[in-house]
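Chemist: Listed below are the residues making up each chain.
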Amino acid sequence: MPWSRRMLVDIRKWMTAEEYNEAFALCQFLPGPNIINLSIVFGARVRGAAGATAAVVALVAPPTVLMIVIGVIYAHYGDAEALQRILAGVSAAVAGLILGMFGMMLKPLLRGNWLRPVAIVAIVVVAIAIFRIPMIWTLAVMCPVSIAFVWHALGRAGEVQNLKKPGLERGPDPDQGGAS
Amino acid sequence: MNVSAGLLLTLAIQFGMLSFLAIGGGISAVPEMHRQAVEVQHWMTDRQFADLFTISQAAPGPNFLLVTLVGYFTAGISGALVATLAMCGPSCFIAYFVAKAWDRFKGARWREAIQSGMVPVSIGLIGSVAFILARTADTSAVAIGLTLATAYMTLMTKVSPLWLFAVAGILGFAGWV
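Residue numbers (this note's numbering), protein chains in the order written: chain A, 2 to 181; chain B, 4 to 180.
Hints should not be assumed to be uniformly reliable.
To be verified - Across the chosen pairs, the derived CB separations fall in these ranges:
{"#": "1", "chain 1": "A", "residue 1": "Pro63", "chain 2": "B", "residue 2": "Met159", "range": "14 to 22 Å"}
{"#": "2", "chain 1": "A", "residue 1": "Ile74", "chain 2": "B", "residue 2": "Asp49", "range": "48 to 56 Å"}
{"#": "3", "chain 1": "B", "residue 1": "Val43", "chain 2": "A", "residue 2": "Ala50", "range": "29 to 37 Å"}
{"#": "4", "chain 1": "B", "residue 1": "Lys161", "chain 2": "A", "residue 2": "Val70", "range": "27 to 35 Å"}
{"#": "5", "chain 1": "B", "residue 1": "Phe100", "chain 2": "A", "residue 2": "Ala18", "range": "40 to 48 Å"}
{"#": "6", "chain 1": "B", "residue 1": "Ala111", "chain 2": "A", "residue 2": "Ala18", "range": "40 to 48 Å"}
{"#": "7", "chain 1": "B", "residue 1": "Ser81", "chain 2": "A", "residue 2": "Asp11", "range": "37 to 45 Å"}
Unchecked claim - Some chain A residues well away from chain B (every beta-carbon gap over 12 Å; in silico):
{"#": "8", "residue": "Arg6"}
{"#": "9", "residue": "Arg7"}
{"#": "10", "residue": "Leu9"}
{"#": "11", "residue": "Val10"}
{"#": "12", "residue": "Asp11"}
{"#": "13", "residue": "Arg13"}
{"#": "14", "residue": "Lys14"}
{"#": "15", "residue": "Thr17"}
{"#": "16", "residue": "Ala18"}
{"#": "17", "residue": "Val57"}
{"#": "18", "residue": "Phe150"}
For the record, the hints were derived by calculation from the structure and aren't laboratory data. The model shown is predicted, which means the values in this text are computed figures rather than measured ones. We put the beta carbon where it would ideally sit given N, CA and C, even for glycine.
Work out the full structure, taking the sequences as your base and the hints as a guide.
Modeler: Next up, the structure:
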């Protein structure tokens, strides 16, 4: 993801930083891989449906081939003892990377009115990781609740400030969000 | 590998559904992918899923391509292609049409509410990925230490995770994990 920013904004100047942030915020909540969504949004803006298709195919095809090659290797040698030992070490580090990403994304939520969003995060983790409730049911309950909380907070903020300035909470910083 | 059409259909349906549910990025779908592949369909063991996830994170390319690996492991090359297409297809359509409409509602309260409201849910999903993976990977004190050290380095420094993976791989190869 940080790479896409460097390419689109800094090197090729196909998008301004503001356009990128706007597109990134949109992709952040759309379903599906962020990087794919970003290429759709960008491709569609430049050349419509054809641009979007070209952007996605160019992005996905080469690494898919690479993954299949890796898959073949794993299917043959996955049980090899040395590979298992290496993977055991790297798995532990990858778990740490995801944990660190989680912490990084949590940080902006801790500012201001943190109780409700943090409660949502905690309930989702318990439901999905511990009780293994199917994702569709968890989302069906937690998304509306979370959206209602923000809706409510936006309404109150509007009354207090007598302004209709949204943007109480922001998504994770596009420079930091590691999930792509 | 001889693959039944039924298996490919199951893959297409499961990953097609995940494509709609993966709010906030491909990684959000990982807990459900794990639940399906390991606990419901028994396509692979916990360890194998953790291996594939680890490989997808360490390899170059967008890391949602875990779906390609899971598809390949389950049903060979056709499985890899079906899973990848199913994961990208539906969300691509949504992205295409929503992107066109979205700009029109800039500043609307409901738009802001949806956009911000999804954030804590997707963060919870990423926390779940960390929890599920750590439960499989952290079987020794050294492994727990590696997880915590990597989390600390990710949070507090700008060191590339690839260096940390390399160190962890060496420790693993040496048999210390």
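Chemist: Could you tell me which of the numbered hints above are not met by this structure, giving the numbers in increasing order?
Modeler: 1, 2, 5, 6, 17, 18
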